[in-house]
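> Chain Y is fixed; fit chain S onto it per the hints.
Here the protein sequences line up with chains Y and S, keeping their order. Numbering-wise (our numbering), the first sequence opens with residue 46 and increments by one. Numbering-wise (our numbering), the second sequence opens with residue 46 and increments by one.
Possibly wrong hints are sitting among the right ones.
Copies of the same chain look alike in the list, so a pair counts if it fits in one copy or across any two.
Capping the alpha-carbon separation at 35 Å, the derived lysine-lysine pairs in DSBU-like fashion look like this [said to hold, decoys possible]:
1) K273 to K65
2) K684 to K322
3) K105 to K84
4) K84 to K273
5) K608 to K322
Calculated directly from the structure, the hints in this document are not laboratory data.
Number of protein chains: 2
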Amino acid sequence: MSTEVISSAPAIRTVKYTAKHALEPLNAEEITGAANLVKSVWPSQTDIHFKVVTLHEPPKADVIPYLEAEHSGRPLPFIARKVFVNYYIRNTNRFHEAIVNLSNGTVERNVRLGANVHANGDGDEIVAIENAALADEGVKAELQKLQLPEGAVVISDPWIYGADGVDDDNRMYQCFLYLRDTQNPNELDSNHYSLPLPISPVLTTDNMRVIRIDRLPTGADNTITETKPWQFRPVNEYIPEAQQLRTDLKPLNVLQPEGASFTIKSQGLSNIIEWQKWSFRVGYNQREGMVLYDVRYDNRSLFYRLSLSDMNIPYADPRHPFHKKSAFDLGDAGAGIMANNLKLGCDCLGSISYLDAVLANDKGEPFPMENVVCIHEQDAGIGWKHTNYRTGRAAVVRNRELVLQMIITVSNYEYILAFMFDQAGQLTYEVRATGILSTQPIDDGVDVPFGTRVHPGVLAVHHQHIFSLRVDPFLEGVNNRLVYDEAHALPRSDWNPHGTGYEVHETVIDKSGGYDADWSKNRIFKIQNAAVRNPINGKPVAYKIHAPPFQKILSDSDSFNYKRAEFADRNIYVTQYRDGELYAGGQYTNQSRGGTGVRSWADRRDNVRDEDIVVWVQFGINHVPRIEDFPVMPCEILKVSFKPVNFFDKNPALDVPPSEQSFNKSVLVNNAQQHAQPDGAGEAKVGENGQVCCSSKL
Amino acid sequence: MSTEVISSAPAIRTVKYTAKHALEPLNAEEITGAANLVKSVWPSQTDIHFKVVTLHEPPKADVIPYLEAEHSGRPLPFIARKVFVNYYIRNTNRFHEAIVNLSNGTVERNVRLGANVHANGDGDEIVAIENAALADEGVKAELQKLQLPEGAVVISDPWIYGADGVDDDNRMYQCFLYLRDTQNPNELDSNHYSLPLPISPVLTTDNMRVIRIDRLPTGADNTITETKPWQFRPVNEYIPEAQQLRTDLKPLNVLQPEGASFTIKSQGLSNIIEWQKWSFRVGYNQREGMVLYDVRYDNRSLFYRLSLSDMNIPYADPRHPFHKKSAFDLGDAGAGIMANNLKLGCDCLGSISYLDAVLANDKGEPFPMENVVCIHEQDAGIGWKHTNYRTGRAAVVRNRELVLQMIITVSNYEYILAFMFDQAGQLTYEVRATGILSTQPIDDGVDVPFGTRVHPGVLAVHHQHIFSLRVDPFLEGVNNRLVYDEAHALPRSDWNPHGTGYEVHETVIDKSGGYDADWSKNRIFKIQNAAVRNPINGKPVAYKIHAPPFQKILSDSDSFNYKRAEFADRNIYVTQYRDGELYAGGQYTNQSRGGTGVRSWADRRDNVRDEDIVVWVQFGINHVPRIEDFPVMPCEILKVSFKPVNFFDKNPALDVPPSEQSFNKSVLVNNAQQHAQPDGAGEAKVGENGQVCCSSKL
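The following block holds chain Y by itself, in its conformation from the complex (with noise of 0.2 Å):
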């Protein structure tokens, strides 16, 4: 990657800005004068195109001291506050990395970023390249071979060009062309995924000009045909209008009469969540949306950072154009800047709470988002429960979770993104993918291997999601190992003369590198402090990590889906912490190339065992899709669970209050009559003393 670097103009003035906390998201204050400063080291009328304008989180190193001075209640020591910056010359293909440093009112560093080095999309740019692409003369030419009704209206869905490597150096958009129904083309929200169309322009962005417009294969080769009238399609709209809606759905309300259980402290526009034994600071950025610091359970450390470091969607069909289909949600658009107003009463249910962020426009400008993230409670059934046969005398316990959730719209599909947390010390990552299936063409009577036909018309493609969750632990202390479990069956001896016996052993991760479970072995990966250990057995404290299996990324290893992914192959990536090193794709992936995340940083062979390590956790689906997918699919859930392994002494939910009718209000629904009881009606009997009220007959 070549740099050009260009001097720094002397400061033009020191503001004071007003974070509260070294790991505070940027104010607005803050992006406008970041955003001023890059402006001050160009001539005055230079447009600049802002991409990125983002906290630029300080080096650990200075970090830990901090957070260890913040929680002992010493002043805090000065961190420079910096803010990293992505621009472009508007209309130019001149893209620049530049570092601001905000306390010294300095640009620190400012280089422009060369070949095959491009900025992710935003909104405004998204908005004008549909708008450049259906002004095109030649893309009107090809739509009128259509012959399309009066009144129509197609729409445009620009998507990352991805990478080949054929003629593949510009930055690109390569959007795929959709009708609206052509019955109703005022409806806004009508479906247009429904109605895909066979033509596909390409444009520059430097220049918003069509380069090339592609005709898409519909049959099931590489044939590809003049484009001929379309032929008409009924719509499936999504839309509630458009259903003949259940009427026997009654309302299912949930309650916290005395309020939420969590505390939420405001630090500027950072938050200190605490709950039921944890605490932990919620930050917000364009790139990753929700980032958890310093995640502490009874005030013992945790985790120094959590986040979602990206996501690779590769789809199947090898024909042009869509052998190169494959987007890096974070990294080619940003989860932060692309999460939905999560507006009460429809998104989260129960007493919820809101955060709001701040990022920025392609102007510099402070661009605020309300309530994209919701915090509330949630009943997740028992906890644990016992009940003594001999005297039937039950303890039994529900299990309260803590739910910070955002959503994000990646064009047409939707991902609900939360951590939870739990009265055992377990913590979890969900992810829900719905929304609605990227679609081409298809010729009636034709099927593919490679895809659906999930509506007269329309192809869904089998495409996987591959998630990477990057894991900066701080178990008990800076230093850190990953060790993994197996259970072994034992050969028969003396010893085992029953050949029943097995055992578990553990094996300790010298090196970063790629790993992967093996469900044959059981194996489990755990990230361990082993200076610090459990006072009844002696074992070092832990957590494990729960992830479901996938398969992974199918494209072949010369691919460049395969050498951008750089996650996407493995279970399991663990590298040596380095500042910076943050997306598991690497820093820039649109039309990347690879060799800039985390199985290159892994290939350094650091050493990991007792060290600083960050753990990449990848999850994900091989989505092949089924027509209840269509028109939007009902959430396809993953869960990732890191539970504790020997960190406390005893089961950490030992002491959450007996679940009980007094607290819990269930009410007694007469079957007869089917309408519930007042409350008190068919109450099991509470004891006196608020005695656990459950027994059991067997």
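Only chain S this time, still in chain Y's reference frame:
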């Protein structure tokens, strides 16, 4: 298995029994009637020890037309009402199997079962074994050597003996002994599992005599020492009085002000549940607990019968007597008889209905069990969502689920077993393992690779939990097939020049057998009806199976454990349907030899392609105890899901009404003040026409 047939006595009288449906569980009259008929073939003073008195389900060939008549409102054909009975002549080993025909008042079959075929335990027997063990003079003498403090109370947990082929033809129980807290011996609910003793009496159950007193190895090897004075150990209590309970958990109530959305139509002791287009009949019996019959969605048939078939829990310690610890909790004891009474407000949250059951005691008398199944709805987060980024309009629905839940206590362990239904045609079976680890004594300073020390002096040995769910499909008809899909990368070629293409191919399973998952190929099993095609894409209607991976049984293939747990070596078994093949581990599991379960049936290599098939889905965990699992473990959750694939013509949850604040009534929690706003404050604006209220900004 040799049998001795006893000729059936002539009918004493014909009583008209009152069952409403051929699949309804036996009612009290029928249990009494069947028991009387069995007694009637013996001399009148014969003391019959009843072990099982349960519905002998009619042949499927009779039930299918019966259900068709039921669903089309025609008169129901006659089906003889039969009862399956197991019994001993009390205090002998003479174990019998009988079939009683209540419709004509005859005993149709009455055979004595041969060697190595033994009955399950029963509640009164377990208590008698415990008493006999503790009253035995030899046991008392051995306990004397412990020199326990004054007033100490010893508890005995009888365990199934297991099988190892070493002098194990008699029916025996292995008692594990524990101590109640010596400083609080009057606490009846003291956690004796935290104070295990090194003495283990073995009893034969025909005469309730101690035949052997095993001493347990407590070191790292096979060494058995003389019983030494007991060294004081602290107890580890789970009851709430012993905890410093949290005081900061605020109540969370689930309200359904208009009642629940499900209806329950009782027919005698069975119940027809209808909810959100689902309909099914719930039965209940001693061995399986809850059974679902005739499961339909929108009146399209899906499953003939669904039930937990058995579970096997083999332990890892190779030393005597632990090598033979391998429990079959359904066959050895019975899920139905061990179910908890789910009193309102403790186990299930919200608007709850309960189902009761009637089983039989060891005298053949009806034994009513109340509240064994709870039924309620729950909110499971967002069902689906899409936001049109151009307009900001979101369409979102919540996922409401119906839950049928029971909880069983098997001595120390609990299992929470639930069937869950959602609004997108998905059915899930969920198991939560909780309760108390099985423990044994260990010397200080000793570590072993087959267990974890969870408390001073307490070893919890590794063990596997392997469950088998019996799935008898009826997907749009009785003839179904089991197939699997795999995703394969395409090789490089002109067709796939960039190495990114992949295809999904389906393989049909022709012959019965065991089959495994393979995530490297994304192998997904589906139950299909090849004769019924999706109207849009022509694919056969199907339901796919999502089951988590698990390490197969580690006991080697020559071991008794392996031979007995016939289901535990494969993710999937598929067999051709035969009446009576219900239990994957065989009809009689207690001290069994194997050869009578699903592996043996599958070995027939019957045709299963477009046949009446049964699919057995195995799942489980290798439980490597951590200290957080003691003194009671936080629930470990396992789920198996069945999802429609090309069964519908679009997302079946599309017609769920939009998620709106007027329906959900969420409440904004004010961060600064931490109490809930009164209803209405902070609400999002809901459009006049009840429009979906959410918008998002990009």
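> State the violated hints by number, sorted upward, taking the hints as numbered earlier in the document.
The structure breaks hints 1, 4 and 5; every other hint is satisfied.
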